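Student: Letter by letter, the chains look like this.
Number of protein chains: 4
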Amino acid sequence: MQDRAYAVFEEQQKNRGIDLEHVKSKLKSIEVETPSWGYGDSGTRFKVFKQEGVPRDPFEKFEDAAQVHKLTGICPSVAIHIPWDKVDDYDKLKRHAASLGVRIGAVNPNLFQEDDYIFGSVTNSNPAVRRKATDHLLECVQIARTVGSDALSLWFADGTNYPGQADIRKRKAWMQEALTEMYQAMDPAMRMLIEYKFFEPAFYHTDLADWGMAFNLANKLGPQAQVLVDTGHHPQGTNVEHIVAYLLDEEKLGGFHFNSRKYADDDLIVGSANPYELFLIFYQILEAAADTNAGVRRTADHIAYMIDQSHAIEPKIPAMLRSVLNVQTQYAKALLVNFDEVREAQARQDVLGAEDAVRSAYEIDVTPLLVALREEQGLPADPMKAYLQSGYGESILPRGKGGASW
Amino acid sequence: MQDRAYAVFEEQQKNRGIDLEHVKSKLKSIEVETPSWGYGDSGTRFKVFKQEGVPRDPFEKFEDAAQVHKLTGICPSVAIHIPWDKVDDYDKLKRHAASLGVRIGAVNPNLFQEDDYIFGSVTNSNPAVRRKATDHLLECVQIARTVGSDALSLWFADGTNYPGQADIRKRKAWMQEALTEMYQAMDPAMRMLIEYKFFEPAFYHTDLADWGMAFNLANKLGPQAQVLVDTGHHPQGTNVEHIVAYLLDEEKLGGFHFNSRKYADDDLIVGSANPYELFLIFYQILEAAADTNAGVRRTADHIAYMIDQSHAIEPKIPAMLRSVLNVQTQYAKALLVNFDEVREAQARQDVLGAEDAVRSAYEIDVTPLLVALREEQGLPADPMKAYLQSGYGESILPRGKGGASW
Amino acid sequence: MQDRAYAVFEEQQKNRGIDLEHVKSKLKSIEVETPSWGYGDSGTRFKVFKQEGVPRDPFEKFEDAAQVHKLTGICPSVAIHIPWDKVDDYDKLKRHAASLGVRIGAVNPNLFQEDDYIFGSVTNSNPAVRRKATDHLLECVQIARTVGSDALSLWFADGTNYPGQADIRKRKAWMQEALTEMYQAMDPAMRMLIEYKFFEPAFYHTDLADWGMAFNLANKLGPQAQVLVDTGHHPQGTNVEHIVAYLLDEEKLGGFHFNSRKYADDDLIVGSANPYELFLIFYQILEAAADTNAGVRRTADHIAYMIDQSHAIEPKIPAMLRSVLNVQTQYAKALLVNFDEVREAQARQDVLGAEDAVRSAYEIDVTPLLVALREEQGLPADPMKAYLQSGYGESILPRGKGGASW
Amino acid sequence: MQDRAYAVFEEQQKNRGIDLEHVKSKLKSIEVETPSWGYGDSGTRFKVFKQEGVPRDPFEKFEDAAQVHKLTGICPSVAIHIPWDKVDDYDKLKRHAASLGVRIGAVNPNLFQEDDYIFGSVTNSNPAVRRKATDHLLECVQIARTVGSDALSLWFADGTNYPGQADIRKRKAWMQEALTEMYQAMDPAMRMLIEYKFFEPAFYHTDLADWGMAFNLANKLGPQAQVLVDTGHHPQGTNVEHIVAYLLDEEKLGGFHFNSRKYADDDLIVGSANPYELFLIFYQILEAAADTNAGVRRTADHIAYMIDQSHAIEPKIPAMLRSVLNVQTQYAKALLVNFDEVREAQARQDVLGAEDAVRSAYEIDVTPLLVALREEQGLPADPMKAYLQSGYGESILPRGKGGASW
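Chains as they are written, first to last, in the numbering used here: chain A, 222 to 627; chain B, 222 to 627; chain C, 222 to 627; chain D, 222 to 627.
Simulated from the structure, these hints should not be mistaken for laboratory data.
Accuracy of the hints is not assured; some may be wrong.
Calculated from the model, a selection of chain C residues having no Cβ within reach of chain A, i.e. all distances over 10 Å [as the list claims (entries may be wrong)]:
1) Lys249
2) Phe280
3) Leu321
4) Ser346
5) Thr401
6) Asp408
7) Ala410
8) Lys441
9) Asn460
10) Asn514
11) Ala515
12) Asp522
13) Leu573
14) Glu596
15) Ala625
Cross-link-like lysine-lysine pairs, in silico, DSSO-like; alpha carbons within 27 Å at most [unchecked claim]:
16) C:Lys307 / D:Lys271
17) D:Lys391 / C:Lys268
18) B:Lys606 / D:Lys235
19) A:Lys353 / B:Lys622
20) D:Lys268 / C:Lys353
21) C:Lys441 / B:Lys391
22) B:Lys441 / C:Lys307
Chain A stretches covered by chain C per the calculated footprint, using a threshold of three residues with CB under 8 Å from any CB of chain C [as the list claims (entries may be wrong)]:
23) 226-232
24) 492-505
25) 530-536
26) 540-550
27) 568-579
Given the structure is predicted, the values throughout are model-derived calculations rather than measurements.
Even glycine gets a Cβ: it sits at the ideal position worked out from N, Cα and C.
Whenever a hint applies, use it, and build me the whole structure from the sequences.
Tutor: Okay, here's the thing in structure tokens:
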């Protein structure tokens, strides 16, 4: 059945002018980082539902993450959050990861869970708090160095709840001050990925509220600073793929936190609310990856794809698998866009033709392709089914409830 | 100074054709209920900042609430949340309240903080969970009876996170089933106030998502069921005062949960984000209170005004005071609308004249009026200042951190 | 190629437990009405770009609409707008339609383009204007009778731009009064479809602002009044398929105005912004069509599917074709949902399983199915390609610019 | 009466530590530009209601605008739109303006009303169209030179309606190319004010979609390029005053297009939907105007305040007056903020104290102040009343209907 399905698929793509070997090669090289915290309990302000089997420490988180990589083949790295993943011996954690076939990915400082940060961390008007927060950033640079990570992923909860509560422009200066100090402490090979978010937990203003603020800051800091786009961090009615294209063109797109939302920062399974948006993001990336400008191409080729989701009600590992598979699916579809066809339609200002050239790739079922790819790589044809049949989910139940949460 | 300010104010209002005795009488009779949970710790999914002095039990919550009433004179009742305010001896709580000069207000069931409710409470596909949830509703009716409360205020977190997760229409039927059972258990003098909310904590669909669903359900249940409008529970670009006017006209507006938001359900201090909206809500209410239809008038006169806010970073009692004072301020402004002037402008389709007649009341500074009113009632002219000078805030610090939270 | 593709498709669906004969039969019976005004010029407040070949009168509009039906086989009726499609001899128009293989569909009154309606039509405080507006509604009932249409599709631009501008509740009463008169004039077989919209052209309040207001009004009027859902008429963050399911359950969903939007009421090609939403709407409809309640089933089976879009920059007929094809595609996908699988997953509260059962149908490429279906029906395999090759687009160019617009 | 009211006001402000002479001096020096097109007919895509007495040419527009200045004393300049205000003899228009006591303000190119621009103007993939559009920009520079204007105010409707329709990044380059050419043609004293807007008339992507894109472009162009903030051009849930503060800090805020909105770009009377937002914008500006950084201060002092509204249903001149008065009112309130008090509360991280220090200024009724100011300046105490009694509105009725519109 799969053979026949793939044969039909292959012929269709050949007729569409698609080079399937190229597509497969791209699909084999994409890496999607999963976050250690995505394996722990999470929820809403109303309730965190504790699940059985949730990892109790960073080592167990890596074990779960390794399952996702083992089944999909595209998740070799795991982002860590400090102090959630603080351990005495990072070398041990690094070796543990390696023994599981994965590695430590981006290091994420945490500046929102201590009482001192009630009015901000690096933008707090209290210099002692700013010092403490900046020291934590420096500590994370050191941890990145220790664990061999080249990415520092920064999200700040800093902001205010009421008009007048604080001096917005002073806070802007303090943010720049702290990140400049951090930037200078980074090794040349390290990247600082600056995230932005328009609200939550701050409800009046957030210091880094949108891509423009993150971008301007990254520009001031230097080439090692780039913008991190979290797909759930924009007001309704924002064209996210436009921002992606814009940042690529400025060679300042550093990475993604993928998740999905219908309302606010819902942090749901990637691609579950509006899968077309994810496809259109990849379409912009692939478009830039073929640019005549080498800097743009290089930027497109070095994007850190990371998942950042918060499963409130669904089991953790399968939910992460689902996200990874959805990313892979939409990426595969975007690879099937015939860019020549798009460009020709654009050149003749054929609105419907150009739209059709993009959308029709989205409408293709890429299952035969992905199954073929997995078979070539010795991966299970259906990673979700393989997981459910593996017994792993049951094997971790003895961990009990009360695992790590945030 | 106040004397001269009030003299000027009085003359201005006389010139505008406003009957200040009527205004004062309305201001004396409005009651704004504060919620017991508003005195405890709260926060966002990222962090609950624990504050010193937060009440450790329902009795202490009533003590704090009594301060707000003592200083403002308009907050004689306190809403309770079950099981947060569950006590062995409700009579004792009732007497405690009375001794403090306040009473127990609306009873709020809680159906979102038990593990059983991960997939819903009264709309859970598991009949045992539905039974448990409905039993809790019935328990709350009994508690209302015990404490002499005539209002049951219902908010359901029930909903789903993903398309297909559950049968939306079956859940609709189960909601109706549970509330029918509860309705039948209520005493004739009791009111069921049905709240709605478009998202959070559910991120795909919420069973009671908007006023239309709450309204239709209240219609099916009967005259004792009405709609509760939480001012933060609407999508951006919703005209809340229109909904208020509509529900008044249908004699189905039961009450409010007042709070303020710029983004989602931010639950900030009432009137802090867009005070004009609060004024316009009161304008619609006063307009309905003068209707020729007795049912509409009665509805407008029996609205349960309740505050429902969640202070993440500011001290609890002053934040509650600020909300109450903001409600009072906007209500006072709305009372200064010259309705004849509005109606005459409307009758001649004078858009700018009608708008001006409403807005110009909003622009009046009602401080002299409120100070005069407070002096007449033996209340402090500036309740916030009086609170800060009272020493009460310091006196409760020995409660320590670690008080009640949700 | 198509043969092999269909063979694979057929086997896949068989394996998934899908009855393809049933699917095809449903696909053959769906009807999608196109609007006469969709063939004319339209645009934004900034500019209407006049296109060559646009129909100059209702007769030419029907000719264009007939092309769409000829190529797709599912668009046998055409909605008309009065007075845009006013003709001296409706019988002639009816015969013209019949001669083209189509018929006249819903009759749409127009109450927003005369100077008299600057402050509202049926909700205008001026009784003479209300009378005039109501008379137009009655005229449209008569036209429907004349042309043999059984649907009156009502959209009101009525609303206000400023707080205080008008008495919201009086306008509510006037709306009910006018529609009651219209309702009473309708023949028993006629349906009144009541549309709602939250803003534009009114920017403060719109008299029929949301589904709840349209629904309540339809309830008061009687069984022949139902709600019309325009997919672009909701605030951001509204779950449209939830509203669809709700109205189906209440047996009050009458029809759709399909179009697509990313921002406000953008009126773009159906399914071009978020095709998944359209699929999920059909999923809810098919779910209701299999309900145990006969009234719900009947409602689901009698939905009037209508397109209402406004092409500003793209050629009219191909844009309409694209919309129709996108509707057909998403409907076909929804027909491939294995409802038993969904229900079983729901029954065991398997969130990921249930979500997967729905989403996986969406991911299927239905091209082989639709091509097979078209071949069975003697329709072109690719209607868009057939249109472009037909020469029809060129043949109408002599109409010149300056055709009908709104 | 006014004397006593002002005496009370004066004493209150003295007690609050406000220097009223400073306040008055600031109020005397603010200038609010009105737009020529604001005096003509306008509307929505559904209908432009033609009003009697609307100006028939640029000369009459200036006559109407002069009324607004005569009555308020703060509107000495009038923005023009090319080609709407194209005249053969600009010197004559300039002299006409001078004879009326006003002058020509910002020059606004129009690149959205010609058929050539259906797929964009300066970002059109057709080089001939880009050339034409750029030539129009250069023409406007020349007109600015001719009429002695130092501001070119740029808004582009350019964007796309569908994914794939055009190459987003190429269009970005073309935008920069055209504006570079224009920038180089400007005189040293001229400013280019770059506006942004997230949607409408483009519904998929807009080339200059947000402040970040306008800001980045202005940065690339040079010091004479700055950002223009239109208060209605942001997604819901955007903190506009934060953007204002940010741009001030970067010395890149050039000006405003003031108007008011509840939904999308409603273009209503300034301050009619959420007056508090306007106040908070002025609060940020005044805060920056007192900065230690001279560049920030200078930026704050050179903001071009311009009104850009589109009255669909209300009479033009009174609507413009209302907007100007609302701007003046909110500016006056912001001048009453005691900045020392705010800063002290901020310094001790007193959230409620800081919020109160800002909000309490907003709650002050500034009528006595504005009346006193007007009396000092020989202006009518109530400009709106003075206008209505002036007979001007009646005097222009003979112009008839059918005046200028856009």
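Student: Need the list of violated hint numbers for this structure, in ascending order.
Tutor: 9, 13 and 22
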